[in-house]
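A.B. asks: Residue numbering for the sequence shown follows full-length UniProt numbering, starting at 1 and increasing by one per position.
If you are wondering where the hints come from, they were derived from the structure by calculation, not from laboratory data. Among the hints, a few may not be true.
[Unchecked claim] Computed spacing ranges between beta-carbons, pair by pair:
#: 1; residue 1: L56; residue 2: G170; range: 23 to 31 Å
#: 2; residue 1: A205; residue 2: V62; range: 27 to 35 Å
#: 3; residue 1: R25; residue 2: E165; range: 33 to 41 Å
#: 4; residue 1: L197; residue 2: I42; range: 24 to 32 Å
#: 5; residue 1: A174; residue 2: R123; range: 21 to 29 Å
#: 6; residue 1: R121; residue 2: I42; range: 27 to 35 Å
#: 7; residue 1: G22; residue 2: A122; range: 18 to 26 Å
Glycine included, C-beta positions come from ideal geometry on N, C-alpha and C.
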Amino acid sequence: MAAAMLVAMVAGVDLAMWQLRGGARALAVAAWLAAVLASGVILGDVAPWWAAGASLGAALWVAVRTSVGADAAAGVLLAGTAVLLLAGDGPDRAAAIVATVAVAAFLAHGANDVCRDVIRRARAAPEESDEPGDPPADPSRLRGGRFIGPLERWLIVALALVGAEGVIVGLMAAKGIGRFPEISGDRARGSAAEEFLVGSLVSWALAGAGALLIATLR
1 MAAAMLVAMV AGVDLAMWQL RGGARALAVA AWLAAVLASG VILGDVAPWW
51 AAGASLGAAL WVAVRTSVGA DAAAGVLLAG TAVLLLAGDG PDRAAAIVAT
101 VAVAAFLAHG ANDVCRDVIR RARAAPEESD EPGDPPADPS RLRGGRFIGP
151 LERWLIVALA LVGAEGVIVG LMAAKGIGRF PEISGDRARG SAAEEFLVGS
201 LVSWALAGAG ALLIATLR
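With the hints as constraints, model all of the structure from the sequences given.
C.D. replies: Okay, structure coming up:
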């Protein structure tokens, strides 16, 4: 349950940081963390030690996300979830339900920020020119990712949980085919294909991690 609590805390805090400001944000975050802690203790009989570990993980997510970026924070989240999952008591139906809601919430918004930060870092890779006077890099033209990404990740999680791996492969292929005209028309800049692949692979990896968490707890 502690691993599911950690993801639930992060997802709720991330949504609050996205939608709210000032005192309303602080109040919403505190209320959400308290609700998750209470649900974990009631539904999963979580020991105070593991509840504290989940809270620490959520705090680290906020700190790293704010100071470094969502992509680095995702690494902290994955590591913390893995540790709590390995140290847990095995399958737990209540934890699986909490994890399903938490994963769905995180893949709706937080995962978009992770993908965007990874692409941003890829654009600023050392091999690219940073000489004074160089024109700034054009923003990505793949604007639909904000909406396609969450839908795609939810579908991958759902299909993975029912064992429809073939459909997942077809979904990935269809996405590539749908983006092909846009990518092939970007020959002047030449980086749209790389951005598409980087963003897609990160998105699929996050969806796969979410499905693995749910399947393990289930």
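A.B. asks: Hint by hint, note whether the structure agrees.
C.D. replies: Hint-by-hint comparison with the structure:
1. L56 - G170: 23 to 31 Å: Given range 23 to 31 Å: violated, Cβ gap about 41 Å.
2. A205 - V62: 27 to 35 Å: violated (22 Å)
3. R25 - E165: 33 to 41 Å: holds (40 Å)
4. L197 - I42: 24 to 32 Å: Violated, at about 44 Å.
5. A174 - R123: 21 to 29 Å: 26 Å Cβ-Cβ, so the 21 to 29 Å window holds.
6. R121 - I42: 27 to 35 Å: Taking Cβ atoms as reference, R121 and I42 lie about 41 Å apart, which means the hint is violated.
7. G22 - A122: 18 to 26 Å: violated (34 Å)
The earlier numbered hints that this structure contradicts are 1, 2, 4, 6, 7.
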